[in-house]
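Peer 1: Turn these sequences into a full structure, and let the hints guide you.
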Amino acid sequence: MQMYYLKEMLLEKMKLQAMRFTSESARQQDKIDEMITEAKGRKKTRKEEATDMAVSQLLDRSHQLNEMYEKDREEHETALAERLQQQQLKSDDKQSNDQMEENTSKLSDNKRSKMKQRPLPRL
Numbered sequence: 021m022q023m024y025y026l027k028e029m030l031l032e033k034m035k036l037q038a039m040r041f042t043s044e045s046a047r048q049q050d051k052i053d054e055m056i057t058e059a060k061g062r063k064k065t066r067k068e069e070a071t072d073m074a075v076s077q078l079l080d081r082s083h084q085l086n087e088m089y090e091k092d093r094e095e096h097e098t099a100l101a102e103r104l105q106q107q108q109l110k111s112d113d114k115q116s117n118d119q120m121e122e123n124t125s126k127l128s129d130n131k132r133s134k135m136k137q138r139p140l141p142r143l
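Residue numbers (the working numbering): 21 to 143.
Calculated from the structure, these hints are not laboratory results.
Warning: the hint list may mix true and false statements.
[Stated by the list, open to error] Below 20 Å or equal to it, Euclidean Cα-Cα: the simulated SDA-like pairs (lysine to any residue) are: (1) 35 <-> 23; (2) 110 <-> 122; (3) 110 <-> 100.
[Said to hold, decoys possible] Cβ pair distances, simulated, as ranges: (4) 44 <-> 81: 52 to 58 Å; (5) 96 <-> 58: 54 to 60 Å; (6) 43 <-> 82: 56 to 62 Å; (7) 73 <-> 36: 52 to 58 Å; (8) 63 <-> 42: 30 to 36 Å; (9) 84 <-> 113: 41 to 47 Å; (10) 52 <-> 90: 55 to 61 Å.
Each residue gets a CB set at the ideal place from its N, CA and C atoms; glycine is no exception.
Peer 2: If you want it as structure tokens, here you go:
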């Protein structure tokens, strides 16, 4: 009988130890899960920070390119306007030169025709 009680006590101790072991194992697994979750959160945060930084850099570069494009477009429009103005001035100068040549030519023609009409002096 005593042996029976010893076996029962031993069995109870083993059950109690198994319960403690199971609860400790569960507690440690919970800690591990919590640490994994925190690590994933930190990793995700780092990824998000890297992504945010990359997006920010891309936006900055986009703004720089837009500013460069606007500046280049303005310079191009200014140069085009200047060229058009120079062409207009050249065209106006050419027209006035042509007109002056026409007038000179008409005067010369008039003088020639008058000279033809006048009799030559007799020598």
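Peer 1: In ascending order, which of the hints set out earlier in this document are inconsistent with the structure?
Peer 2: none
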